[in-house]
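Let's have the full structure, built from the sequences with the hints guiding it.
For the sequence shown, full-length UniProt numbering gives the first residue as 1, with consecutive numbering after it.
These are calculated hints, taken from the structure and not from any lab test. One or more hints might be untrue.
Straight-line C-alpha distance at most 25 Å; calculated DSS-like pairs for lysine-lysine [unchecked claim]:
1. Lys63 x Lys80
2. Lys96 x Lys113
3. Lys175 x Lys161
4. Lys14 x Lys27
5. Lys161 x Lys84
6. Lys53 x Lys16
7. Lys75 x Lys16
8. Lys53 x Lys156
9. Lys84 x Lys16
10. Lys228 x Lys175
11. Lys156 x Lys70
12. Lys80 x Lys16
13. Lys165 x Lys175
14. Lys80 x Lys96
15. Lys142 x Lys165
16. Lys165 x Lys144
17. Lys161 x Lys142
18. Lys144 x Lys161
19. Lys84 x Lys53
20. Lys63 x Lys84
21. Lys138 x Lys96
22. Lys27 x Lys96
23. Lys84 x Lys70
24. Lys144 x Lys80
25. Lys75 x Lys14
26. Lys75 x Lys156
27. Lys80 x Lys27
Listed next, with one range per pair, are the computed distances between beta-carbon atoms [to be verified]:
28. Lys161 x Lys75: 15 to 21 Å
29. Val38 x Tyr195: 26 to 32 Å
30. Lys161 x Trp39: 24 to 30 Å
31. Pro62 x Pro212: 45 to 51 Å
32. Ala24 x Gly235: 39 to 45 Å
33. Ala106 x Asn169: 34 to 40 Å
34. Leu178 x Ile89: 39 to 45 Å
35. His222 x Asn57: 53 to 59 Å
36. Lys80 x Arg15: 47 to 53 Å
37. Lys142 x Glu79: 25 to 31 Å
38. Asn57 x Gly235: 37 to 43 Å
39. Lys80 x Gly224: 44 to 50 Å
40. Thr141 x Lys68: 39 to 45 Å
In this text, a Cβ means the ideal position worked out from N, Cα and C, and glycines have one as well.
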Amino acid sequence: EDEADDNKGISRKKRKIVSRMSVAELKTLVRRPDVVEVWDTTSADPRLLVYLKAYRNTVTVPKHWSSKRKYMAGKRGVEKPPFKLPEFIEATGIAKIRTAIMEKQAEQSLKGKSRDKAHPKMGKLDIDYQVLHDAFFKYMTKPKLTKHNELYHEGKEYEAKMMTKRPGNLSAALKEALGMSENTPPPWLINMQRYGPPPAYPNLKIPGLNAPIPQGAEYGYHPGGWGKPPVDEFGNPLYGDWKQDQPAQSTQPEDVTL
Numbered sequence: 001e002d003e004a005d006d007n008k009g010i011s012r013k014k015r016k017i018v019s020r021m022s023v024a025e026l027k028t029l030v031r032r033p034d035v036v037e038v039w040d041t042t043s044a045d046p047r048l049l050v051y052l053k054a055y056r057n058t059v060t061v062p063k064h065w066s067s068k069r070k071y072m073a074g075k076r077g078v079e080k081p082p083f084k085l086p087e088f089i090e091a092t093g094i095a096k097i098r099t100a101i102m103e104k105q106a107e108q109s110l111k112g113k114s115r116d117k118a119h120p121k122m123g124k125l126d127i128d129y130q131v132l133h134d135a136f137f138k139y140m141t142k143p144k145l146t147k148h149n150e151l152y153h154e155g156k157e158y159e160a161k162m163m164t165k166r167p168g169n170l171s172a173a174l175k176e177a178l179g180m181s182e183n184t185p186p187p188w189l190i191n192m193q194r195y196g197p198p199p200a201y202p203n204l205k206i207p208g209l210n211a212p213i214p215q216g217a218e219y220g221y222h223p224g225g226w227g228k229p230p231v232d233e234f235g236n237p238l239y240g241d242w243k244q245d246q247p248a249q250s251t252q253p254e255d256v257t258l
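What follows is the structure, encoded as structure tokens:
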């Protein structure tokens with residue numbers, strides 16, 4: 001593969017690397033640049049590869065395809081937690097009945113255990129039919145299932161569940177970590193007023209940018225201030241009317257006569 005080319009004086013490997021397109025070029029040639037990865041340019045046909053990756057209902061290649069170690073090798077030393085019954089089954093009391101039976105069997109002699117194996121008794125875990133019916137048809141909750149194209153990879157259970165997060169909603173733990181008190185703006189508000197709202201969420205209502213600030217808060221650059229809402233040269237809001245929810249001032253003259 002590394003034999004010299006007599007015509008151009010360059011090896012085949014170097015010529016292959018030189019003729020390879022960059023990631024930026026590949027992104028400009030395809031409809032879905034968000035699925036382009038760094039190693040896609042090394043493919044024999046990068047445009048076809050990106051087309052197949054972006055095709056509807058396509059299952060992605062597992063993330064560990066380029067890993068040097070074996071699959072799930074990092075889980076070898078992790079202690080596996082014991083199995084836990086779902087809450088709607090545990091509410092039936094079957095775990096307590098089973099524990100009582102196991103304690104009773106532990107107290108039996110060897111002769112009694114062999115007798116139970118030879119002639120087992122049925123109906124030891126007898127639970128009311130209505131309780132079981134309500135558990136599975138009334139109180140049963142849907143288990144968390146993975147969606148299409150979601151494959152398990154090592155450490156997936158420790159990742160943050162982004163489906164429960166909503167842009168603009170700050171949790172109490174995050175506010176405490178940022179040192180935010182009540183009616184205090186987030187630290188990124190000044191940059192948003194300078195550069196605009198996030199491109200991924202252009203219609204997101206952000207107080208102090210395109211929505212009114214909370215009652216009791218004040219504009220300004222003092223500690224706890226909400227900066228200055230962006231306006232154009234005519235005084236019109238750039239990203240949204242941040243005064244729309246404020247009470248409109250009355251244009252009629254006030255009647256001072258008694």
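How the hints compare with the structure:
1. Lys63 x Lys80: 23 Å, holds
2. Lys96 x Lys113: 21 Å, holds
3. Lys175 x Lys161: Roughly 19 Å separates the two Cα atoms, so the pair holds.
4. Lys14 x Lys27: 23 Å, holds
5. Lys161 x Lys84: 21 Å, holds
6. Lys53 x Lys16: Holds - the C-alpha atoms of Lys16 and Lys53 are around 24 Å apart, at most 25 Å.
7. Lys75 x Lys16: Measuring from Cα to Cα gives roughly 39 Å; hence the hint is violated.
8. Lys53 x Lys156: 22 Å, holds
9. Lys84 x Lys16: 55 Å, violated
10. Lys228 x Lys175: Distance ~22 Å between Lys228 and Lys175 Cα, so the pair holds.
11. Lys156 x Lys70: 16 Å, holds
12. Lys80 x Lys16: At roughly 48 Å apart (the allowed maximum being 25 Å), Lys16 and Lys80 break the hint.
13. Lys165 x Lys175: Satisfied, since the Cα-Cα distance of roughly 15 Å is no more than 25 Å.
14. Lys80 x Lys96: 23 Å, holds
15. Lys142 x Lys165: 20 Å, holds
16. Lys165 x Lys144: Between Lys165 and Lys144 the Cα gap is close to 16 Å, so the pair holds against 25 Å.
17. Lys161 x Lys142: 17 Å, holds
18. Lys144 x Lys161: Between Lys144 and Lys161 the Cα gap is close to 11 Å, so the pair holds against 25 Å.
19. Lys84 x Lys53: It is violated: about 38 Å lies between the C-alpha atoms, which goes past 25 Å.
20. Lys63 x Lys84: 29 Å, violated
21. Lys138 x Lys96: 21 Å, holds
22. Lys27 x Lys96: Roughly 60 Å between the alpha carbons, so the hint for Lys27 and Lys96 is violated.
23. Lys84 x Lys70: 29 Å, violated
24. Lys144 x Lys80: 19 Å, holds
25. Lys75 x Lys14: 40 Å, violated
26. Lys75 x Lys156: 12 Å, holds
27. Lys80 x Lys27: 43 Å, violated
28. Lys161 x Lys75: 15 to 21 Å: Holds, at about 20 Å.
29. Val38 x Tyr195: 26 to 32 Å: 28 Å, holds
30. Lys161 x Trp39: 24 to 30 Å: 29 Å, holds
31. Pro62 x Pro212: 45 to 51 Å: 48 Å, holds
32. Ala24 x Gly235: 39 to 45 Å: 41 Å, holds
33. Ala106 x Asn169: 34 to 40 Å: About 51 Å separates the Cβ atoms of Ala106 and Asn169, which means 34 to 40 Å is violated.
34. Leu178 x Ile89: 39 to 45 Å: Holds, since Leu178 and Ile89 (Cβ atoms, about 41 Å apart) stay within the stated range.
35. His222 x Asn57: 53 to 59 Å: Holds, at about 54 Å.
36. Lys80 x Arg15: 47 to 53 Å: Cβ of Lys80 to Cβ of Arg15: about 52 Å, so the range 47 to 53 Å holds.
37. Lys142 x Glu79: 25 to 31 Å: 28 Å, holds
38. Asn57 x Gly235: 37 to 43 Å: Given range 37 to 43 Å: violated, Cβ gap about 51 Å.
39. Lys80 x Gly224: 44 to 50 Å: 49 Å, holds
40. Thr141 x Lys68: 39 to 45 Å: 40 Å, holds
The structure shown violates the earlier hints numbered 7, 9, 12, 19, 20, 22, 23, 25, 27, 33, 38.
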